[in-house]
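Number of protein chains: 2
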Amino acid sequence: MLINSPDTVVSDALRGMAAAHPELDVDVERQVVLRRDARAGGRVGLVSGGGSGHEPLHAGFVGPGMLSAACAGAVFTSPVPDQMLHAAGAVDAGQGVLFVVKNYTGDVLNFQMAAELAEEDGLRVERVLVDDDVAVTDSLYTAGRRGTGGTLFVEKIAGAAAEEGAPLERVAALARRVNDSSRSFGVALSACTTPAKGSPTFDLPDGELELGVGIHGEPGRERRAMMSSREIAEVAVAAVLDDLAEAGPPAGPVLLLVNGMGATPLLELYGFHAEVAAALSARGVEVARALVGNYVTSLDMAGCSVTVCRADEELLRLWDAPVRTAALRWGC
Amino acid sequence: MLINSPDTVVSDALRGMAAAHPELDVDVERQVVLRRDARAGGRVGLVSGGGSGHEPLHAGFVGPGMLSAACAGAVFTSPVPDQMLHAAGAVDAGQGVLFVVKNYTGDVLNFQMAAELAEEDGLRVERVLVDDDVAVTDSLYTAGRRGTGGTLFVEKIAGAAAEEGAPLERVAALARRVNDSSRSFGVALSACTTPAKGSPTFDLPDGELELGVGIHGEPGRERRAMMSSREIAEVAVAAVLDDLAEAGPPAGPVLLLVNGMGATPLLELYGFHAEVAAALSARGVEVARALVGNYVTSLDMAGCSVTVCRADEELLRLWDAPVRTAALRWGC
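Protein sequence lines, in the order shown, are assigned to chains A and B. Per UniProt numbering, the first sequence starts with residue 1, numbered consecutively. Per UniProt numbering, the second sequence starts with residue 1, numbered consecutively.
Note that these hints are calculated values from the structure, not bench results. Glycine is no exception: its CB is placed at the ideal position from the N, C-alpha and C atoms. Treat the hints with care, since some could be wrong.
As the list claims (entries may be wrong) - With a straight-line cut-off of 25 Å between C-alpha atoms, the simulated SDA-like cross-links for lysine to any residue are:
| id | chain 1 | residue 1 | chain 2 | residue 2 |
| --- | --- | --- | --- | --- |
| 1 | B | Lys197 | A | Met226 |
| 2 | B | Lys197 | A | Ala225 |
| 3 | A | Lys197 | A | Arg36 |
| 4 | A | Lys197 | B | Asp206 |
| 5 | A | Lys197 | B | Pro205 |
| 6 | A | Lys197 | B | Arg224 |
| 7 | A | Lys197 | B | Met226 |
| 8 | B | Lys197 | A | Ser228 |
| 9 | A | Lys197 | B | Ala191 |
| 10 | B | Lys197 | A | Glu231 |
| 11 | A | Lys197 | B | Ala225 |
| 12 | B | Lys197 | A | Gly207 |
| 13 | A | Lys197 | B | Val108 |
| 14 | B | Lys197 | A | Lys197 |
| 15 | B | Lys197 | A | Asp312 |
| 16 | B | Lys197 | A | Met227 |
| 17 | A | Lys197 | A | Gly207 |
What the hints assert, rightly or not - So the derived list for chain A, only partly shown, Cβ under 7 Å to chain B, looks like this:
| id | residue |
| --- | --- |
| 18 | Ile3 |
| 19 | Asn4 |
| 20 | Asp12 |
| 21 | Ala13 |
| 22 | Ala19 |
| 23 | Ala20 |
| 24 | Glu55 |
| 25 | Ser229 |
| 26 | Arg230 |
| 27 | Asp300 |
Chain A with its partners taken away, still in its complex shape (with noise of 0.2 Å):
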């Protein structure tokens, strides 16, 4: 690993996100990744983290037009409630603070105790829970589906919404319609190493793959033989297409998001990409906007995620808006 010791990874890489990022507040005791500017709109403010190892989300994804602010816990670990608290009143400008959470255990927890600190302290806080993977009902981690791709568009849309001025209720509102629109599937073709264990996580062994796997490399649905990314496709088209089938009739077109895992080089994923796009196609979906890259990582795995959201007027408006951050940017 390209580390110096497992117990500086984390600070290490907020360090370089400082150094890289002059447009951005980053303090790396607290490990807190702040935009300047949180307070000057009088904008909602908006919060999210969770474990390291999944950049660029979300320190990636601070910056106009999406995240206020990021925590960032040790790998695959959630921050604690003190960073939450500290994030909320940097960027509180009097309109409030939405909590984006991705449903792990700790991250739940530690969200919810933040919201009831800075309530006492006189904050409106609302949180939303990001739940978009159809993979498994509780996991290792999770009570409940576990929180994977729909989280870069429930930052996206409702950060556009806050940018805009939209009011703490509406922005509330348009991140949850977000989740409740969005489904996610994942699989793994090798597990991560994280810094800690210097081996990998779970065994997998070559010629073999896990569907349905989750962003830790926890268990998923199954584990077959190689599939092509064809048959990937499909398997995964079909996982949330069904779910969302379920959610109601479908309607309208889709923004999709084709995810790397981290390893999975960039020529792959854009082949895995023709395919899940034709895989849509052949159901009927149309793409209304796509995004191929490591955006929701889990590591040095080896993989990819497909998430869909269901997208009227407004969401695809929301999601062109302009956005200005270490990893999407657009429009500005």
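With chain A fixed as given, assemble chain B onto it according to the hints.
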């Protein structure tokens, strides 16, 4: 690997690019990616290309402010003169075309042949060879130094000049100046696996690294026991700065690319960037702009490279100019 077949990996990826980027004109059959408005502005055309497996280089850099077209070869194999000739003809708006060629024997010969054929067709063509890698003088695939991360600086800055309407001679002179001002050094922490071979292209045991590696896994300067991120940064920075010093006295600030080889997590890469920035600072070198990410990759190789480019005000201005491509995007 996330593929259908080794035989279709490049065409599958190009189909995926076409699906994800409607703003690009992707010729899947010819394996050429063009910007849609390449001829509209009456600008100099900028054409590059090379073996696949280094994505987002080069197709991810096609668009306003950067390349007019990119030709994709098979994995780690030069594209052929027919592709380059087609690209040149498709982007030429009467102002001539610049070929940006990484210094590998196959690319050099094929771009040279294409230039001769294009000139027979009445096009004006200039070529610039990129040979920024200080690690080795000759290599398995090279007479002279290899072209690696410096290619990104050449394509961005020459592309900005072309976008502004600079004539061919000036765009070519700028491209050569950027190459002459750039130095790179790469390190492999693991080998890469090509689709055709299906197993690592060279043997790099756990706990060892290869200093001065190329972007095809070709051998570097030496193999060593694993080093810390800080130690690797010091070796890489010393290598590029010592070589740069031979070319003249240090002058002004630098552009810095801290590049991942494909499978290095962004968490680790940002930590490495902190050490590179510190090592440059310790030697009195000011970093004017920094870019951190996976830009010039080697499939699923774990590792990193450091590229610095001495930049005067003109190069800085062109670096900052708007760019809108799949992989680099700012200012528009």
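Going through the hints against the structure:
Restraint check for Lys197/B and Met226/A: satisfied, since their Cα atoms lie roughly 16 Å apart, inside the 25 Å limit. Annotation: proposed proximity of Lys197/B to Ala225/A holds, straight-line Cα distance about 19 Å (limit 25 Å). Between the alpha carbons of Lys197/A and Arg36/A the distance comes to roughly 35 Å, so the proposed pair goes past 25 Å and is violated. Restraint check: the Cα-Cα separation between Lys197/A and Asp206/B comes to about 14 Å, which is no more than 25 Å; the hinted pair holds.
Between Lys197/A and Pro205/B the alpha-carbon distance is near 18 Å, which keeps this suggested pair within the 25 Å criterion. For the hint pairing Lys197/A with Arg224/B, the CA-to-CA distance comes to about 22 Å; that is within 25 Å, so the pair holds. A threshold of 25 Å between alpha carbons decides the hint, and for Lys197/A with Met226/B the separation of about 16 Å falls inside it, so the pair holds. Note on Lys197/B and Ser228/A: the hinted pairing holds, with a Cα-Cα distance of about 16 Å set against a maximum of 25 Å.
Between Lys197/A and Ala191/B the alpha-carbon distance is near 21 Å, which keeps this suggested pair within the 25 Å criterion. The straight-line distance between the Cα atoms of Lys197/B and Glu231/A is roughly 22 Å, inside the 25 Å bound, and the hint therefore holds. A C-alpha spacing of about 19 Å is found between Lys197/A and Ala225/B, which places the hinted pair at or below 25 Å, so the restraint holds. Proximity of Lys197/B to Gly207/A is assessed by CA-CA distance (about 14 Å); at most 25 Å being required, the pair is judged to hold.
Pair hint Lys197/A plus Val108/B does not hold up; C-alpha atoms about 45 Å apart against a cutoff of 25 Å. With a CA separation close to 30 Å, the supplied pair Lys197/B and Lys197/A exceeds the 25 Å bound. Distance check on the hinted pair: Lys197/B and Asp312/A sit about 45 Å apart at the alpha-carbon level, beyond 25 Å; violated. Between Lys197/B and Met227/A the CA atoms are separated by roughly 17 Å; this keeps the pair inside 25 Å, and the hint holds.
Restraint check for Lys197/A and Gly207/A: the C-alpha separation of about 24 Å stays at or below 25 Å, so the hint holds. Checking Ile3/A against chain B: minimum C-beta separation of about 5 Å stays under 7 Å; hint holds. Given the 7 Å rule on beta carbons, the hint for Asn4/A holds: about 5 Å separates it from the nearest Cβ of chain B. Among the interface hints, the one on Asp12/A holds; its C-beta lies about 3 Å from the nearest C-beta in chain B, closer than the 7 Å criterion.
Interface hint status for Ala13/A: upheld, as the beta-carbon distance to the closest one in chain B is roughly 4 Å, under 7 Å. Because the closest C-beta pair between Ala19/A and chain B is about 4 Å apart, less than 7 Å, the hint holds. Of the supplied interface hints, the one on Ala20/A holds, with its beta-carbon coming within about 5 Å of a beta-carbon of chain B, less than 7 Å. For the restraint placing Glu55/A at the interface with chain B, the shortest Cβ-Cβ distance is roughly 4 Å, inside the 7 Å limit, so the hint holds.
Because the closest C-beta pair between Ser229/A and chain B is about 5 Å apart, less than 7 Å, the hint holds. With 7 Å as the threshold, the beta carbon of Arg230/A comes within range of chain B, its nearest partner Cβ sitting at about 6 Å, so the hint holds. Using the Cβ-Cβ criterion of 7 Å, the hint placing Asp300/A at the interface with chain B is satisfied: the shortest such distance is roughly 5 Å.
Violated hints, listed in ascending order, are 3, 13, 14, 15; each of the other numbered hints is respected by the structure.
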